[in-house]
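**Student:** Chains as they are written, first to last, in my numbering: chain A, 1 to 294; chain B, 295 to 346.
Everything labelled a hint here was simulated from the structure, so no lab data went into it. You can trust all of the hints, since none of them are fake.
A short, non-exhaustive set of chain A residues, derived as facing chain B with CB atoms under 10 Å:
no., residue
1, L14
2, M19
3, Q219
Straight-line Cα separation of at most 27 Å, BS3-like style, residue types lysine-lysine; simulated pairs:
no., chain 1, residue 1, chain 2, residue 2
4, A, K34, B, K337
5, A, K159, A, K230
6, A, K279, B, K337
7, A, K115, A, K105
8, A, K245, A, K108
9, A, K236, A, K222
10, A, K85, A, K102
11, B, K337, A, K285
12, A, K105, A, K245
13, A, K102, A, K115
14, A, K230, A, K285
15, A, K34, B, K335
Remember, predicted model here, so these are calculated numbers, not experimental data. Cβ atoms here follow ideal geometry from the backbone N, Cα and C, with glycine treated the same way.
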Amino acid sequence: VTDYISAYSASGNLFIPRMFQGFPEIKEALMSNKMQAAFMVAPMAIALRAQGVPVKIVYLGHRYGSAVVVRTDGPIRSPAGLRGKTIAIPSRFSNERLVVIKVLKDFKIDPSEVKLVEMAPPDVAGALNAGAIDAFSMGEPFPSQAEMGGFGRVLFHAKEYWPDYTSCVLVVRQDAIDERGDAIQVLVDGIARSGLWLEEGQSNREHAADFVGRFYFNQDPKLLRWALTKPLDRVKYTPLTPYKKDFDFIVDMMVETDVLDERIEFLEYVDPQFAEGAKRETAWKYEPGSQRAE
Amino acid sequence: MTRGRKIAAGIAAWIIAITGLHFAWNVNWSVILNDRLPLDKRKLNVAYIPVT
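Chain A extracted, bound-state conformation:
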């Protein structure tokens, strides 16, 4: 959204968005400096920093927007029904995995009683439809894809068990922060403005679904419309500031579930200066279809 709208703004394009199909590939591209910034699942970013990779989280991509989906015609009617089942997750370093483990524990189920399998996000809906998995925990629009296809049903949205749930974060290489801080601020400001613009109402979300589906995600805009509007708070785009309490919880869960050896301090993996700089931003003034954005 930021790339599309900012192309019509005074600053123009400062970025080249590059689509990937899986988080491991994004991680490698970031580590090798092929990518200077990336959207990735928060625990993966924290783990990278803990391993000494010079990157920092500077902003969130969204809030909410993940769900556990089961087969419509299947037997699972509550989280308790997940016992003994196979659940697809995007990565072992993902909040989609952590929320499954949290909910299992809430329902007194030992996480070892379910089989978690890593799967590229675009593959999960097909796998559920084919019966290769019993459920998946994934970000939008894949829960919507299963719902629209009629074979999947949302068992629960992550936000129901994890208030202020976050998933994808914007991660930037430290050398880009040091040498291109001005450009990073423009990017974060643009994301903040896009978030506020998206929260202005359904018509902006529908328009975003159209251009994101066509020009960025290569997905049916109807699918993205579903994901962005059923209901409107299915995915939220404010506030996108990374808060310490949210990340402390993620780090604690990572340690508890053995994907992080020891706690890492918030400011070791988050650089809050850009979020702070974006706090006074206002929504894009952009009319859908216009060639001008301010």
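Fit chain B to the known structure of chain A by using the hints.
**Tutor:** Structure of chain B alone, referenced to chain A:
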């Protein structure tokens, strides 16, 4: 031109045409040219995945 030379010329023309179309359609030249610029002049590459 002998028959053999005609066939060779045809194959060469086919390879050149296919290669040209590949470079035109499948190579993102703006990305390649951008990656050759120094960091302070480069557009930043931002990776994303088609998922929220």
